[in-house]
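Chemist: Protein sequence lines, in the order shown, are assigned to chains A and B.
Numbering-wise, the working numbering puts 212 at position 212 of the first sequence, and it's gapless, one number per residue.
Numbering-wise, the working numbering puts 366 at position 366 of the second sequence, and it's gapless, one number per residue.
Don't read these hints as lab results, they were simulated from the structure.
Because the structure is a prediction, the values reported are computed rather than measured.
No residue lacks a Cβ here, since even glycine has one placed at the ideal position from N, Cα and C.
Wrong hints could be hidden among the right ones.
[Said to hold, decoys possible] The following label-pair restraints were derived from C-beta to C-beta distances:
# : chain 1 : residue 1 : chain 2 : residue 2 : range
1 : B       : R135      : A       : N96       : 21 to 31 Å
2 : B       : M1        : A       : E106      : 19 to 29 Å
3 : B       : R296      : A       : V103      : 40 to 50 Å
4 : B       : G104      : A       : D69       : 45 to 55 Å
Number of protein chains: 2
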Amino acid sequence: MDPRVHEHAEVLVDWSARIEPGDDVVLAVEEDAHELAVAVAEQLGAVGANLLATYESSEVSRAYVKAHDGGFEAGAHELAMLQEADAFLALGGGRNTTAKADVGGETQQAHSRAREAIREARMATDWVKTVHPTRSLAQQAGMAFEEYQDFVYDAVLRNWEALAEEMAEVKEVLDEGREVRLLKDRDDQPTTDLWMSIEGRTAVNSAASVAYDSHNLPSGEVFTAPYDTEGTVFFDVPMTINDRRVRDVHLRFEDGEVVEFAAEQGEEVLEAELDTDAGARRLGELGIGMNRGIDRFTDNILFDEKMGDTVHLALGRAYDANLPDGETGNQSAIHTDMIADVSQDSRIEVDGETIQRDGVFWFEDGFGEA
Amino acid sequence: MDPRVHEHAEVLVDWSARIEPGDDVVLAVEEDAHELAVAVAEQLGAVGANLLATYESSEVSRAYVKAHDGGFEAGAHELAMLQEADAFLALGGGRNTTAKADVGGETQQAHSRAREAIREARMATDWVKTVHPTRSLAQQAGMAFEEYQDFVYDAVLRNWEALAEEMAEVKEVLDEGREVRLLKDRDDQPTTDLWMSIEGRTAVNSAASVAYDSHNLPSGEVFTAPYDTEGTVFFDVPMTINDRRVRDVHLRFEDGEVVEFAAEQGEEVLEAELDTDAGARRLGELGIGMNRGIDRFTDNILFDEKMGDTVHLALGRAYDANLPDGETGNQSAIHTDMIADVSQDSRIEVDGETIQRDGVFWFEDGFGEA
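Excised from the complex, chain A in its bound form (with noise of 0.2 Å):
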């Protein structure tokens, strides 16, 4: 076995969802996983930690789903199980990705809604998604196996205590700030200028670890849940909303809101998701990607939103764990995530202080200590 898949189960384990002896974990693998599957079982051994594997295969939810009349149910045993459960480990990791293609939107939705408590008893466990590097998973991504393999390792297998503490001084900036400004040019023309309000709202250090809050493998971002947006933004990084691709999205914002919008590609999908609900033209999170082991673009938003020298923003629903204890932020059924590169000619700023500069933080180059 490949070494870094071991590696890659020790992260899982010992950093990210920090089993402990007796915890009652559930492994969920996906049909290509087996060998994550294998690794993790075997680093869940060593810690001492009570294993029950379960087999989330597309096809078969496929099967099920569309054979059903619709008038699905929340399961008392899977419930049971999910509330007994100390951590739920998702190794991701399917043989195709568009396996549910000829599912319908409806019965998909219906299944989802059936679902709703155990979704919410899972997110109360110490929940942790990741993937394996599979076929399907290299073929949506645009790349050989082998080449896809190393990617997903070096997004995975970081020092993630030391960006941890990168991503802390970042949080603390956002955390202290009232105003982030965003700014970037294309041949020498501003693309984006955006002001947000972030006062009173509490960033997430996204460390890849139940311990930060943060729930994937690999992560690597700070977010917090910006309002009151004002101005233009240029996301330059192409996305799928709805598995349909979306290309060069152009937003301007007033008062808080979408007022104009335009795509190269897709522009009815991205008018379709801002009609969806009143908080789909809002913003609910700005995140800043911080994991330069993900160095492209692939397709997959566990991988996309975290990549280094990039900055998202997503439409809709904003995080609980931004806002301050009893408060409410922007209300959506969407959350709709849209990335910028700001490795070039780009500028991120805080009150006033540059933070970032193409790319550059001011703790790399120190030029906002000045």
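Since the structure of chain A is already known, use the hints to place chain B on it.
Modeler: Chain B in isolation, oriented as in the chain A frame:
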């Protein structure tokens, strides 16, 4: 997909497990049983049951138990899942039947002991065990893959209702009978002449359905719990005991107990079995195989013991289902099945009446009805 996979799923869900709308079903999927899992999921969706699939991988289990310090616990999450489950459908079919060959016996036993409550909770559901034909099982059977597929579907896709009616006739004779005599010659020499008391015992019509207290698919045997065994018996179907091959076993019983034994191969394995405990030298089961879809030995007890024209006896523990309420049968840590071919030069008598001669039952030939 081979249409027989769908038929297999239908038999499992409808005939064997009797799944009803709203049932909470655990689908336990071995590594290579994916296709059958998809077909069963479709069937469960059509019925309107609630599906939770678990991943039963010998390699995952091996990695876990080998890394563990041996102080195993039953996971509260697994126990809770089973306590809420109505049915447990085990889909066998791995990639390597010897995947756990390097796990020490003590480790296996410690793991198994710690999981006693889990096993009991599983047995309290409407559980059914079946197998999907895999290359690994074909290899164990010494067969080509397609040949093995045909073999499995011949065994599984029976007219179970008709077979259940035939088996009911045999059950009735055994329920009313006091004594069974088993006779067999080889080259005109008697090799088997065995008497067993069965008075007061209840036979089980194992018709591959929970409705018949039968939990294997395929099944197709009628079994009871004999006692006061006297005489000699010869088992000519090869068997695997504790992963070792044992062949051509002779046993002689006096006062219900084995007093002489011999085997052409694996005699030391047989001796160790007999020395396990006091009950290991007494019979726990007499079974009459009636599944004529199973026409050969495949080194898999799920199939072997149901083979048409065979009789099997088990040393060790008796099943409660064969005993009057409150009565305990033979007790032992082992239950070791040994199989005799009775298709030729053989006779089964109950209270002096022949019920089977050279593999043919009285109701097939009318010979016992005069």
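Chemist: For each hint, tell me whether it holds in the structure or not.
Modeler: Hint-by-hint comparison with the structure:
Separation of R135(B) from N96(A) is about 22 Å and conforms to the stated range, judged on CB atoms against 21 to 31 Å. The hint said 19 to 29 Å for the Cβ distance between M1(B) and E106(A), and at roughly 26 Å that hint holds. For the hinted restraint 40 to 50 Å between R296(B) and V103(A), the CB-CB distance of approximately 42 Å keeps it satisfied. G104(B) and D69(A) have their C-beta atoms about 50 Å apart, which keeps the hinted 45 to 55 Å range intact.
Comparing the model with each earlier hint shows no violations; every hint is respected.
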